[in-house]
Amino acid sequence: MTIESDPSYPAHWEADVVLRDGGTARIRPITTEDAGRLVSFYEQVSDESKYYRFFAPYPRLSDRDVHRFTHHDYVDRVGLAATIGEEFIGTVRYDRIGPDGRPASAPADEAEVAFLVQDAHQGRGVASALLEHIGAVARERGIRRFAAEVLPANTKMIKVFTDVGYEQKRSFEDGSVHLTLDLEPTAESLAVQRAREQRAEARSVQRLLAPGSVAVVGVSRSGAGVGAAALRNLRDSGFHGHLYAVNEAVTRDLLDGVRAYRSVEAVGAPVDLAVIAVPADRVPDAVAACGEHGVQGLVVLSAGYGDSGPAGLARQRELLRQVRSYGMRLIGPNAYGVINTAPEVELNASLTPAPMPTRGRTGLFTQSGAIGIALLSALLRRGEGLSSFVSAGNRADVSGNDILQYWYEDEATDVALLYLETLGNPRKFTRLARRTAAVKPVVVAKGGRHTPAGHVVPGTRLSEDTVSALLRQAGVIRVDTVTELVDVGLLLASQPLPAGPRIAILGNSESLGVLTYDACLTQGLRPLPPLDLTTAASPADFRTALAAALASDDCDAVVVTAIPWVSEHALADDLADALREAVAEAPGKPVAVVHVELAELVQALSATRGPAAAAPDRPAADSSPWTPAALAATTATADPDRIPSYPAAERAVKAVAEAVRYGQWRRALADAGQVPEYEDIDEAGAAAQLAGLLADVDGGAVLKLSDWDARELLARYGIRVLPTLPAPSADAAVRAAVVLGYPVALKTTAPHLRHRADLGGVRLDLTNEAELRRSYEELTDALGKPAELQPVVQAMVPRGVDTVVRSVIDPAAGAVLSFGLAGVASELLGDTAHRLVPATDRDAAGLIRSIRAAPLLFGWRGSDPVDTPALEEVLLRLSRLVDDHPEVIGVSLEPVVVAAEGISVLSATVRVAHPPARGDLGPRTLPSY
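Using my numbering, the letters of the sequence shown map in sequence onto residues 1233 to 2161.
The set of hints was computed from the structure by calculation and includes no laboratory data.
Incorrect hints may appear among the rest.
What the hints assert, rightly or not - Cβ-Cβ distance ranges computed for the label pairs, FRET-style: (1) K1401 x P2159: 28 to 38 Å; (2) G1905 x D1786: 25 to 35 Å; (3) D1928 x S1337: 17 to 27 Å; (4) P1983 x L2061: 20 to 30 Å; (5) A1602 x V1307: 16 to 26 Å; (6) Q1276 x S1337: 56 to 66 Å; (7) P1983 x R1300: 30 to 40 Å; (8) T1766 x D2096: 25 to 35 Å.
As the list claims (entries may be wrong) - Computed list of lysine to aspartate or glutamate pairs in EDC-like fashion (alpha-carbon distance at most 16 Å, straight line): (9) K2017 x E2001; (10) K1388 x E1342; (11) K1401 x D1414; (12) K2017 x D1963; (13) K1936 x E2119; (14) K1401 x E1342; (15) K1401 x E1344; (16) K1282 x E1342; (17) K1391 x E1381; (18) K1678 x E1716; (19) K1282 x D1297; (20) K1388 x E1275; (21) K1401 x E1381.
Glycine included, every Cβ here is placed at the ideal spot set by N, Cα and C.
Work the whole structure out from these sequences, hints included.
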């Protein structure tokens, strides 16, 4: 069904979802063309499930039933189906009812809801996903409550309703359980939804990284090519599952010592993961064969998709549509592959030749195969192992967000390293990053400051410094290069977090100590005077000095500097052992080593003297991750034998500084603040107003609200904008002043003069008609005719500090709240601060204090302090508006005059648009294609 064949068809309700077991399904509205699918679906449902649905034996659907269940108006009667391919696996419908329980239309706000899930797919979370989506549809259509009748024996369906997190009432009437659900989202329902999302997406990645069987499709008989290389790497990694080679022209039983077949179907056994390495034009046939065989996931190494221009991008979208039609997940296309070093798996489904990376506690995700090669090589050279590696190529399906969901609960991963070119869904990324960073470090190197090939993502409107600051607010350690990504990852993977910024420096080179000291100051750390051990220092001298520094209460971390001795080769192992012994005597503080031309020392420090340490005990995922005990548990040294080393002081200090800042962020989580609830907020009224305003707006268009509509919308969130009255003539200005009351202000609103008092477009404190007429004449004589200036009259407000409050949806950072002082100077100097939405009370307080001109708000040079609590409240209310309504894509309050008591919002601009299909506020859904 398409919009062309049925203009009422709500295409924006279509969504792909990940189910509880990691597979996928598509949810879409049921149409008149689905009669055959519905009948086939019903025939596959057991008699017991039919009985639970209709409260009586109901072996088949009548023609009348089929007509009723496939004909909807998408307002009062709605049906959704969960599908895999063309097959229905579950359905849900609602019918709007009145107070008497009979069919009704708006304004009736209650609906009866009922589900039916095919028995073979029960237990996969189909009903829960359908309930999320039908609930969102109902709210969109003005329905506030669901009513459901369930037989007491149908415990699975009762659990679906009771576990959803909505406020509900439950009663037993006439032999059935009567449930009423309030569809207004609650903190509990949102938490339930996101917990289900996390478990499902983590499970979908786990199925890709720990398959029981793998088939490589496209293995050449000659042993050359990508497919053959992938097969050899899988074989040589010691993969613990079943391995198969597929080549449609194979004539022998083995290829490279692996069982070979002409097709996936011919394997005759389950295949969990398929690695596809055939030309792009043959990929659709390979995908179809895998889907028909029940393969759970694909790694597509083939290029020629979004990396090759518009035609390739269209081919990529079709590939994703095809993959999802079979309920599979996809890594790629143009992927480099995946690695899992878990001893029970040992999977190297990548183009990385043997030996594959050793087992470690660092997870690595990249969008670029070339960057993936560089990172793997750098980690290998420096002795760092991996827990898992994913190089997603064009990232058509599985993205960094999915991998974060997996790493969040993966006990084998202590540090998450990501190279990203785009954030995809920035709201979701920052949400997931914040949650993951609360229990383990998340380090991101972000390339693609301009739109990269294969990714249709607009560039950011914010500076790179601002994007970095916003990511840091979410707990992300943002680095600029892949070298820094490795440097920081090495320290975090092997060292505890520092308790503060005090850095002890010791070594056998005074000059290198001074360089390290300067680097610490540059990074905002507090270095202690360097301790020079002199060039005659022995390993024992290093050991004594390091042990003393670690035992001291005066420092939080130690940087050791070392230059070569004449007998470098003989002393490298001795020095490494000496440093390890000192760390063992006084553990708990991070240590980094700066070396000059001591390659043997690097190897000695990175080598472990025993088996890799087991993962430290971590707090449960649902426990508080920022209590002192939990913080200590999640920052314990993963491998006490290993000490990271760096060939330059700046690199070592940069890594230590990032660890210091991350530790500070973790500790600040103990008092992260709250998103306040305001009882006077009219969320439903704002939603209805926005729906009405956007009813006739095209999907991609942006609507700038009139001053009246903007004031009305903001007022629903407790933000009062002072009214203005138009003054097309001097007489009109006088009449407006009489209505508003003197004193008044006369202002131009022409775009080129708006908010530019410095250009003379504002006259203040006009106390009578004569002053107003004189100012009107001066204004029009100096700047132009009234029709050009569009003058308005506004009541005067108490004097104070003029500020600007804004919020915008940025493609690189998501919803952003901004604050600064009004005026050209602030704009010229870029003195604006930003916070991610939703902002907490702590965020709002920090926001107004983080600009350089903040002293003007707090009584600078004897002036009266202004009402900052009132200013913080405006920031929080605007944050709530933007967070609650994704239709609001931009708000500017300028100026906001903050007086000694109270504030006045003198002008507001609001831009709205239809929300994107892929958001982070509605029911869980995968990115669309």
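Exercise. Against which earlier hints does the structure fall short, listed by number upward?
Worked result: 5, 6, 7, 8, 9, 10, 16 and 20
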